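**Student:** For this one, chain A is given, so just place chain B on it according to the hints.
Line order of the protein sequences matches chains A and B.
Just so we're aligned, residue 29 is where the first sequence starts under the working numbering, counting upward by one.
Just so we're aligned, residue 29 is where the second sequence starts under the working numbering, counting upward by one.
You may find that some hints are simply not true.
One copy or two, either will do: identical chains are not told apart, so a pair holds if it fits within one copy or between any two.
[To be verified] Here are the simulated BS3-like cross-link-like pairs (lysine-lysine), alpha carbons at most 30 Å apart as the crow flies: (1) Lys127 - Lys267; (2) Lys93 - Lys189; (3) Lys216 - Lys41; (4) Lys266 - Lys62; (5) Lys74 - Lys86; (6) Lys41 - Lys254; (7) Lys77 - Lys62; (8) Lys204 - Lys127; (9) Lys93 - Lys216; (10) Lys53 - Lys93; (11) Lys53 - Lys204.
No lab work stands behind these hints: they were computed from the structure.
Small disclaimer: the values here were computed from a predicted structure and weren't measured.
What follows is each chain in one-letter form.
2 protein chains.
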Amino acid sequence: MIYVIGTGPGDFKYITPDALEALNKCEIISGYEKYINLIKNNFPDKIFKIYSMRQEIKRCEDALKLSRENKIIGLISGGDSGIYGMAGLILELANNNDKIKIIPGLTSAVCAAGILGAPLTNDFAVISLSDLLTPIEIINRRLEILSAGDFVTCIYNPGSKTRTENFKTACEIMLKYKSPDTPCGYVKNISRPGEFCEIMKLSEIKNLKPDMNYLIIIGNSQTYIKNNKLITPRGYIKKGA
Amino acid sequence: MIYVIGTGPGDFKYITPDALEALNKCEIISGYEKYINLIKNNFPDKIFKIYSMRQEIKRCEDALKLSRENKIIGLISGGDSGIYGMAGLILELANNNDKIKIIPGLTSAVCAAGILGAPLTNDFAVISLSDLLTPIEIINRRLEILSAGDFVTCIYNPGSKTRTENFKTACEIMLKYKSPDTPCGYVKNISRPGEFCEIMKLSEIKNLKPDMNYLIIIGNSQTYIKNNKLITPRGYIKKGA
Numbered sequence: 029m030i031y032v033i034g035t036g037p038g039d040f041k042y043i044t045p046d047a048l049e050a051l052n053k054c055e056i057i058s059g060y061e062k063y064i065n066l067i068k069n070n071f072p073d074k075i076f077k078i079y080s081m082r083q084e085i086k087r088c089e090d091a092l093k094l095s096r097e098n099k100i101i102g103l104i105s106g107g108d109s110g111i112y113g114m115a116g117l118i119l120e121l122a123n124n125n126d127k128i129k130i131i132p133g134l135t136s137a138v139c140a141a142g143i144l145g146a147p148l149t150n151d152f153a154v155i156s157l158s159d160l161l162t163p164i165e166i167i168n169r170r171l172e173i174l175s176a177g178d179f180v181t182c183i184y185n186p187g188s189k190t191r192t193e194n195f196k197t198a199c200e201i202m203l204k205y206k207s208p209d210t211p212c213g214y215v216k217n218i219s220r221p222g223e224f225c226e227i228m229k230l231s232e233i234k235n236l237k238p239d240m241n242y243l244i245i246i247g248n249s250q251t252y253i254k255n256n257k258l259i260t261p262r263g264y265i266k267k268g269a
Numbered sequence: 029m030i031y032v033i034g035t036g037p038g039d040f041k042y043i044t045p046d047a048l049e050a051l052n053k054c055e056i057i058s059g060y061e062k063y064i065n066l067i068k069n070n071f072p073d074k075i076f077k078i079y080s081m082r083q084e085i086k087r088c089e090d091a092l093k094l095s096r097e098n099k100i101i102g103l104i105s106g107g108d109s110g111i112y113g114m115a116g117l118i119l120e121l122a123n124n125n126d127k128i129k130i131i132p133g134l135t136s137a138v139c140a141a142g143i144l145g146a147p148l149t150n151d152f153a154v155i156s157l158s159d160l161l162t163p164i165e166i167i168n169r170r171l172e173i174l175s176a177g178d179f180v181t182c183i184y185n186p187g188s189k190t191r192t193e194n195f196k197t198a199c200e201i202m203l204k205y206k207s208p209d210t211p212c213g214y215v216k217n218i219s220r221p222g223e224f225c226e227i228m229k230l231s232e233i234k235n236l237k238p239d240m241n242y243l244i245i246i247g248n249s250q251t252y253i254k255n256n257k258l259i260t261p262r263g264y265i266k267k268g269a
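Only chain A is shown next, with the shape it has when bound in the complex (with noise of 0.2 Å):
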């Protein structure tokens, strides 16, 4: 049995008690090791299993390995397993007597968008910057069509210690249909050590020299700023609802 387990943005308080149930049925804990630390010390009875970044086929054929021996596996991923986690690798390598039970997390769009305020209360999109996967022309080509349907965009990833570039050209493509003045911001290591965020303008924010641990918000025409919070108002005052 395979549980692909969502543990949230990092503190406890964010892990639901599904995720914890799951977490206590396995008897062994698989995940890159930024995911495991933070959740290490609450199961001292646990064997853990750690991966670095780039071994994730490895990470996954071996949940299924010893998942057909009959081991009860949690392979886990920060925030939910399905947004750029390890829920659909682990599902196109499994077969079909592979028992695998998805079990959702909060992922960072959605508790950063609470820090900032409520930027994602109309339609919004979910992007990566990361071109290790995804060839970087298609990511612009995405940026541009977002950017043209005025959608607010919640950016993962945005960069890296050696990717350094691909926000400063989002920000450009961004700013080709979108106003400067676009309100937009960041959570940096969302409810972890050294949490902190920033409200500012897309002609601000394009000098941001962001890391993995950042989760970026670009508002779209309607949002706004007040009381320092992002807000894309849903229509209810305009409609008098």
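**Tutor:** Only chain B this time, still in chain A's reference frame:
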């Protein structure tokens, strides 16, 4: 003090410890009837203020008034309060002295994705088909853009008793750009009595008559079905990571 709390899709196992702690602190819990009923029995000592649909402004104004009288109020939304919930409206109506804390919740797109497989493993968008607050022309234009851009799309509020045509029109728009064989699926009554899901093709799902209790996910050109699960690959296998 107002806690704006996302109570998840229904079952208590999806309410985070953070949300539960906030609910326990409240003297008065306020919300739409359907969401109050899902949690009421677990909080026998609380005062509940139950509202119908289209009383959203009154609901927020009442909460602000009570909070200014030093009451502790919980304003609840199903799922996450920032995604088509009450977080935006309360921040719009609040002034700088009002104390408001947004407590994130599991939104139904994330839960539905886990039930259907892993359709959101790559970039995706979230759209509501309710034209109560957003003109149908804008909704349909956004659908055109998302389909042309090959985004996996999560559809909230696909229909209601009086609103039966928007979903069919949405499918017709998507079929202009997407293959009729595009894999998609829906989950009805997520984590509530009568939960039911189905995976099918875009050409088939257009005949569905969904109501407000459906969450629908339409795949992109990469989405496929394996072992009766929807999968949108992240790209690990293609890359050989």
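**Student:** Against each hint, give a clear statement of whether it holds in the structure.
**Tutor:** Results of checking the hints against the structure:
1. Lys127 - Lys267: Cα proximity of Lys127 and Lys267: across copies only (26 Å, versus 49 Å in one copy).
2. Lys93 - Lys189: The answer is neither: 34 Å in one copy and 49 Å across copies each exceed 30 Å.
3. Lys216 - Lys41: both (18 Å within a copy, 28 Å between copies)
4. Lys266 - Lys62: between (45 Å within a copy, 25 Å between copies)
5. Lys74 - Lys86: within (20 Å within a copy, 50 Å between copies)
6. Lys41 - Lys254: Within. Shortest intra-copy distance 28 Å satisfies the 30 Å Cα cut-off; inter-copy 34 Å does not.
7. Lys77 - Lys62: within (12 Å within a copy, 43 Å between copies)
8. Lys204 - Lys127: neither (48 Å within a copy, 37 Å between copies)
9. Lys93 - Lys216: neither (36 Å within a copy, 34 Å between copies)
10. Lys53 - Lys93: within (18 Å within a copy, 46 Å between copies)
11. Lys53 - Lys204: So Lys53 and Lys204 fail the 30 Å test inside a copy (51 Å) and across (47 Å) alike.
When each numbered hint is compared with the structure, violations occur for hints 2, 8, 9 and 11.
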